[in-house]
Amino acid sequence: MNAPLNPAASGAAAPREEGAAARRLSFILVFAPFALWIALVILVPQLNLFFLSLREKVGPQVYALGPRNYTELFGESVYVLTLVRTVVMSLLATFATLIIGFPIAYYIAKIARGRARTMLFMSCLLPFWVSELVRVFGWMLILRETGLLSRLLQGLGLVDGPVELLYNDVAVMVGLIYTSMLFMVVPLVSTLDSLDDALVEAGYDLGGNGFVVLWEIVIPHAKPGIVAGAIIVFMLNLGNYLTPTLLGGKNSQWFTAQIYSQFITRFNWESGSAFGFVLLVTSSLIVWLALRASGQTLSGTIGKG
Amino acid sequence: MANDLECRALVKSYGAFTAVNGVSLAVPKGSFFSILGPSGCGKTSLMRMIAGFIEPTAGEILIGGRSMRGVPPNRRPANMVFQHLALFPMMNVADNIGYGLRRRGMAKAEIARRVGAVLERIDLADSGPKRIDQLSGGQKQRVAIARCMVLEPTVLLLDEPLGALDLKLREHMKVELKQLQHQFGTTFVYITHDQSEALVMSDQVAVMNAGRFEQVGTPEDLYYRPATPFVAGFVGDSHRWGGRVTAQAGSDLRVATSAGLALRATAVVPLAEGAAASVFVRPEAIEVRVADGRSDPAPASADVNVFAGRLESLLFNGANSRAMIRLERGDLIGAVLPQNLLGTRLGEGAAVEIRFAAAATLAFPAGGDAP
Amino acid sequence: MLPSIPAPRLVTFAYRAYVALFFVYLAVPLIVVAVFAFNDSLYPSLPWKGFTLDWFFGASAPKIGLFHDRAILRGLVNSLLVAFATTAASVLVGTTTAFLFERYDFRFKGVCYMLMLAPLVIPGVILGISILAFSSQIANAADDAFGLELNALRPGLLLVALGQFSFIATIATLVISSRLRKFDRSLEEAALNLGASPFMAIVTVTLPYLAPALIGSALVAFLMSFENFNTTLMLVGSDAPLTITMFDRMKQGSTPVLNAVSVFLMLGSALLGLVSVMAQRGGKGTAE
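For the record, the sequence lines run as chains G, F and D. So that you can map any letter, position 32 of the first sequence is 32 in the numbering used here, and since no number is skipped, the others follow by simple counting. So that you can map any letter, position 108 of the second sequence is 108 in the numbering used here, and since no number is skipped, the others follow by simple counting. So that you can map any letter, position 17 of the third sequence is 17 in the numbering used here, and since no number is skipped, the others follow by simple counting.
Fair warning: there could be bad hints in the mix.
[Unchecked claim] Distance windows between CB atoms, simulated:
| id | chain 1 | residue 1 | chain 2 | residue 2 | range |
| --- | --- | --- | --- | --- | --- |
| 1 | F | Lys130 | G | Ala32 | 22 to 32 Å |
| 2 | G | Glu216 | F | Ala58 | 57 to 67 Å |
| 3 | F | Gly65 | D | Ala211 | 37 to 47 Å |
| 4 | D | Ala152 | G | Lys57 | 22 to 32 Å |
| 5 | D | Ser178 | F | Asp221 | 50 to 60 Å |
| 6 | D | Ser238 | G | Lys57 | 50 to 60 Å |
| 7 | F | Met106 | G | Trp288 | 51 to 61 Å |
| 8 | D | Ile31 | G | Glu216 | 33 to 43 Å |
| 9 | D | Ala211 | G | Ser284 | 49 to 59 Å |
| 10 | D | Lys109 | G | Ser284 | 51 to 61 Å |
| 11 | D | Leu10 | G | Leu125 | 56 to 66 Å |
[Unchecked claim] With a Cα cut of at most 35 Å, we get these calculated DSBU-like pairs of lysine-lysine:
| id | chain 1 | residue 1 | chain 2 | residue 2 |
| --- | --- | --- | --- | --- |
| 12 | F | Lys108 | F | Lys130 |
| 13 | F | Lys130 | F | Lys174 |
| 14 | F | Lys108 | D | Lys49 |
| 15 | D | Lys63 | F | Lys174 |
| 16 | D | Lys251 | G | Lys250 |
| 17 | F | Lys168 | F | Lys108 |
| 18 | D | Lys251 | G | Lys223 |
| 19 | D | Lys182 | D | Lys49 |
| 20 | G | Lys110 | D | Lys63 |
| 21 | G | Lys250 | D | Lys182 |
| 22 | F | Lys29 | F | Lys174 |
| 23 | F | Lys29 | F | Lys168 |
| 24 | F | Lys168 | F | Lys178 |
| 25 | D | Lys251 | F | Lys168 |
| 26 | F | Lys108 | F | Lys29 |
| 27 | G | Lys250 | D | Lys109 |
| 28 | F | Lys178 | D | Lys49 |
| 29 | D | Lys49 | D | Lys63 |
| 30 | D | Lys182 | G | Lys223 |
| 31 | G | Lys110 | G | Lys250 |
| 32 | F | Lys130 | F | Lys168 |
| 33 | D | Lys109 | F | Lys130 |
If you're looking for bench data, these hints aren't it; they were derived computationally from the structure. Even for Gly, the Cβ is constructed at its ideal location relative to N, Cα and C.
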């Protein structure tokens, strides 16, 4: 016990200020890492990117501010088409992931029991313990001209020669759905899990059929999970580079490939930044619209982790 | 006699709200002191100030005669048994008990010896390696106390530690806590909203309401000689009337209730004629008789209240059974059911008579915020 | 549809068949990759030419196995270096940030929380290029102004780790926060009351409570870093992590050594998974 022996000398205000000072110090200690992280690798680089995208080259080493990078992007129909195509295909893939994943999530959350349930859930996660690269590689081995499916079709006599099933939009969709399935199923399982069985039973008991119960009870309850899953999957699709490049080949026309070629291949950072920013704004806008339309918030869906 | 804990004019304000308002108390060495009050009365704030988790706005706390001003919670010679016990789930029983000793940097062998000794005292000698979730509710309680007692604190603070237990275990733990206190001889300061816990275990009880102490006294004092209407209403059961003093002679009063009942009552504090009064009488002070016509209908001497009524219902609860009696004026009064009526098939609606002494009928000035 | 509600047999059967088909769909690509790792052929495709372990242990061209493939081994080492650095930084910052949002109230807390979540909604490619552009500009400016050559800020392993850290830290924060939220503050008060200093209270009580979340977030961080492609691609220099090395080979078409690497990675992930299950089990005893 090394408390002051003469407490009267220390005065009444001192300890309170001491406590406040200690608390402020501890606050600074936990705030500093957060601030450095967000400022140095997120906020400032993003702002810098924005600034870069507004820079026009007027001569060697001479730049001026202006929207030329953007007008060039939107003036070139190839770029605009690529953007639209990327967004539409990402949305389609997201929707397909939801449709395919929902019955699976429902089965895991509501129908499977005990060990079977754990097994199903774990095997759902299993492919995602392996790199996306390996997963895409698997599809390449299946779909390519010398791949399994082509051989199978030949063996069954359905086609005469080798068929190239790779490098088309369907292959890209298959890959995207496969790659992001986990991020749809996990939030769905966790929201469906919290649905009380009695609600579903009451729905039937009160005269609803399977479709009515699904539409009026199950889906409204699962909405936060659906929105969270859809946002994450959409973001992953839109920002994906690997799957469209490997499964779609040279004519995959994915917007991230444009960014890559501007930035890395052509070394045109100003234009590449504008491309990057257009993608960021597009994705933020669509996520925002989805949240607004569904009445959810970002922290209420994704923030739950 | 030396006081182990003393509070002087303690105040705690949160903005405009004053949680603790000028509380002073002195707890003699080795005694069991309880602070009893409804939730929100400020007792938790008071306890947390003593433990050092919150700083008083004004006033002073002395533990073992030493001022606690500026002493952080980890340097105070007061340990606390938390409401939900706060046993560390990641440590076993022995490590929980040894936690404070380890913080003092004591040698391992000495810690093991002391932990073993205290485990023996609480009858859990073999439970040292057990996980916390392997213990029963009562055992957890004892471990939580042992974890503090091994540090030999000047004062042990207990924050409603029985709240989470079921009724049966709670009754048992009341007795056990009192025994533990005797055994260790440490000063206990116990806060609770449960009056029976406070009455059964304590040497002294402070009844707290709205940030102030209403009365400090022995359990008997509080029960039989409440100083304020709040204490009269909060400690034990009682029936309460509001009324007006119609006659006064010394402490003998006559009070007319709003329903028109004329009561003989005893003033606890001087009450003038015409003053508004709150009148309290305990159920066990009310005698119930069957009005069978044979007994004298009104031997009403000056110091007994007698009223006729009808038995409305019998609430059976063993020794605490109640007869609910509807008086002619409409009041519904609960009285302890006498054993001789318990067995009989006294029908509901039967005519009865109730009597209670004026000395047991306590009058206070009205307006006190009784619960 | 519930087990308690009778459904036509055909419906139940169709549903089960669908679920079974789904898991086949999940498993087939991985099985295909794994099987061809053992095919004694120069290409990872049919026909089957017999079983071999050459793609793991082969030492002579053309059958150079994974353990003799210099580029792949270097990629593996690079990936491990990056993953360890990213994991350490993410768990550390994730822990302090979890404390920040769970324990303190401050001005603009809501805005800060949104900023903390932001890395999850910024596509990885953009995180990559923004960090690339920013650090390169700093390096250029330092070169121009002082003649300083800040190689660390040029594309390379440090930038890769920084880029991965930028969003993995968010995930670590979310995992650790959710456990910290469940922590009973009175345990910390009890520690103080028993004589622990505020620092010792956190070390002896709070951190042990958080251990399962710390281990869990470390495993997730390690895995995400090891697997990351989109952000890494933008920041990679001459020293490439494994995913980039494999990507380059894949585009060119490669021998089944890539399958062998994949099998090796699957085994590694399985090991991590086992560790995580054990950590969860260890945590269960101490959790509630």
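Hint by hint, here is what the structure shows:
Distance hint check for lysine 130 of chain F and alanine 32 of chain G: the Cβ-Cβ separation is about 42 Å, which falls outside the suggested range of 22 to 32 Å. At about 60 Å, the beta-carbon gap between glutamate 216 of chain G and alanine 58 of chain F stays in the expected band of 57 to 67 Å. With their beta carbons about 42 Å apart, glycine 65 of chain F and alanine 211 of chain D fall inside the hinted range of 37 to 47 Å. Checked against the given bound of 22 to 32 Å, the beta carbons of alanine 152 of chain D and lysine 57 of chain G, roughly 28 Å apart, stay inside it.
For serine 178 of chain D paired with aspartate 221 of chain F, a C-beta distance near 52 Å keeps the hint of 50 to 60 Å intact. Here the CB-CB span from serine 238 of chain D to lysine 57 of chain G is close to 28 Å, at odds with the stated 50 to 60 Å. A hinted range of 51 to 61 Å for the beta carbons of methionine 106 of chain F and tryptophan 288 of chain G is consistent with their spacing of about 59 Å. Restraint check, isoleucine 31 of chain D to glutamate 216 of chain G: a C-beta distance of roughly 41 Å satisfies the suggested window 33 to 43 Å.
A hinted range of 49 to 59 Å is violated for the C-beta pair alanine 211 of chain D and serine 284 of chain G, which are about 36 Å apart. With their beta carbons about 22 Å apart, lysine 109 of chain D and serine 284 of chain G fall outside the hinted range of 51 to 61 Å. Range check, leucine 10 of chain D to leucine 125 of chain G: Cβ separation about 31 Å, and the 56 to 66 Å hint is violated. Simply put, lysine 108 of chain F and lysine 130 of chain F have alpha-carbon atoms about 19 Å apart, close enough for the 35 Å limit, and the pair holds.
Distance check on the hinted pair: lysine 130 of chain F and lysine 174 of chain F sit about 25 Å apart at the alpha-carbon level, within 35 Å; holds. The hinted pair formed by lysine 108 of chain F and lysine 49 of chain D fails the criterion: a straight-line CA distance of about 67 Å is larger than 35 Å. Of the pairs offered as hints, the one joining lysine 63 of chain D and lysine 174 of chain F is violated, with about 80 Å between alpha carbons and a cut-off of 35 Å exceeded. Annotation: proposed proximity of lysine 251 of chain D to lysine 250 of chain G holds, straight-line Cα distance about 11 Å (limit 35 Å).
With a CA separation close to 39 Å, the supplied pair lysine 168 of chain F and lysine 108 of chain F exceeds the 35 Å bound. For a cut-off of 35 Å, the pair hint linking lysine 251 of chain D to lysine 223 of chain G is broken: about 40 Å separates their Cα positions. Distance hint between lysine 182 of chain D and lysine 49 of chain D is unfulfilled; the C-alpha atoms sit about 57 Å from each other, more than 35 Å. Between lysine 110 of chain G and lysine 63 of chain D the CA atoms are separated by roughly 50 Å; this puts the pair beyond 35 Å, and the hint is violated.
Taken as a hint, the lysine 250 of chain G and lysine 182 of chain D pair is broken in the structure, with Cα atoms around 50 Å apart against an allowance of 35 Å. Simply put, lysine 29 of chain F and lysine 174 of chain F have alpha-carbon atoms about 21 Å apart, close enough for the 35 Å limit, and the pair holds. Note on lysine 29 of chain F and lysine 168 of chain F: the hinted pairing holds, with a Cα-Cα distance of about 31 Å set against a maximum of 35 Å. Between lysine 168 of chain F and lysine 178 of chain F, the direct Cα distance comes to roughly 16 Å. Compliance with the 35 Å bound is thereby established for this hinted pair.
With a CA separation close to 74 Å, the supplied pair lysine 251 of chain D and lysine 168 of chain F exceeds the 35 Å bound. Taking the CA atoms of lysine 108 of chain F and lysine 29 of chain F, the gap is near 31 Å; set against the 35 Å cutoff, the hint holds. Taking the CA atoms of lysine 250 of chain G and lysine 109 of chain D, the gap is near 46 Å; set against the 35 Å cutoff, the hint is violated. This hinted pair does not check out: lysine 178 of chain F and lysine 49 of chain D have alpha carbons roughly 84 Å apart, beyond 35 Å.
The suggested pairing of lysine 49 of chain D with lysine 63 of chain D holds, with an alpha-carbon distance near 14 Å, which does not exceed 35 Å. Pair hint lysine 182 of chain D plus lysine 223 of chain G holds up; C-alpha atoms about 25 Å apart against a cutoff of 35 Å. With a C-alpha separation of about 43 Å, the suggested pairing of lysine 110 of chain G with lysine 250 of chain G is violated against the 35 Å cut-off. At roughly 25 Å between alpha-carbon atoms, lysine 130 of chain F and lysine 168 of chain F fall within 35 Å of each other, so this suggested pair holds.
For the given pair, lysine 109 of chain D sits about 42 Å from lysine 130 of chain F by alpha-carbon distance, which is inconsistent with the 35 Å threshold.
Violated hints, in rising order: 1, 6, 9, 10, 11, 14, 15, 17, 18, 19, 20, 21, 25, 27, 28, 31 and 33; the structure is consistent with all others.
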